[in-house]
Amino acid sequence: MAPPGVVVSEGLAADLCCFPSREQYFALIESFRDDAFEMCVDVCAVDYLDYPDRWLPEGVVATRFEVVTNLLSLSKKLRVRVRVQAGDDRPEVASLFTLYPGTEAMEREAFDLLGVLFTDHPDLTRILMPEDWEGHPLRKDYGVGKVPVQFKEAPGPR
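Note that this note's numbering has the sequence shown beginning at 9, numbered continuously upward.
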């Protein structure tokens, strides 16, 4: 099912788990789309700062950031998970927007909260945090801030 050169393993919640390189990522997703994987269910990113020695199949070199894409074939009743190592200091992978337009917001969320860049994304801007926010709050090394919370006109006990 996966093209030659892509590391494949059995997935826990998916029928198949593929580990392409960043260079193979877009072409692999495109091949699944062309093979009746009609739906991209999820695109998310993971920061493995505290887990550099996590298990990965032989031939896959771990990086700090990983992008996980879940595809579904309704016609074949199959799922596939694609895990691509996105890099360490400047994580980056290809955008899937041209293949699955519904990924636009999911990629923006991964960019906003974890700082993963998606090349050729039509509007890679913040989606949850204010535009002037510095940093990416879901990174494991992001400092915990002290933003004061103020409740105005909160109802008290009666």
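Careful, some of the hints might be misleading.
[As the list claims (entries may be wrong)] Heads up, simulated DMTMM-like pairs for lysine to aspartate or glutamate below, C-alpha to C-alpha not over 20 Å straight-line: (1) Lys84 with Asp23; (2) Lys148 with Glu46; (3) Lys84 with Glu38; (4) Lys84 with Asp58; (5) Lys148 with Glu112.
In short, the hints are calculated from the structure, not lab data.
We went through each hint and held it up to the structure:
Note on lysine 84 and aspartate 23: the hinted pairing holds, with a Cα-Cα distance of about 11 Å set against a maximum of 20 Å. For the suggested pair lysine 148 and glutamate 46, the alpha carbons sit about 34 Å apart, so the restraint of at most 20 Å is broken. Distance hint between lysine 84 and glutamate 38 is fulfilled; the C-alpha atoms sit about 17 Å from each other, no more than 20 Å. A C-alpha spacing of about 37 Å is found between lysine 84 and aspartate 58, which places the hinted pair above 20 Å, so the restraint is violated.
Distance hint between lysine 148 and glutamate 112 is unfulfilled; the C-alpha atoms sit about 24 Å from each other, more than 20 Å.
Hints 2, 4, 5 from the list above are not met by this structure, while the remaining hints are.
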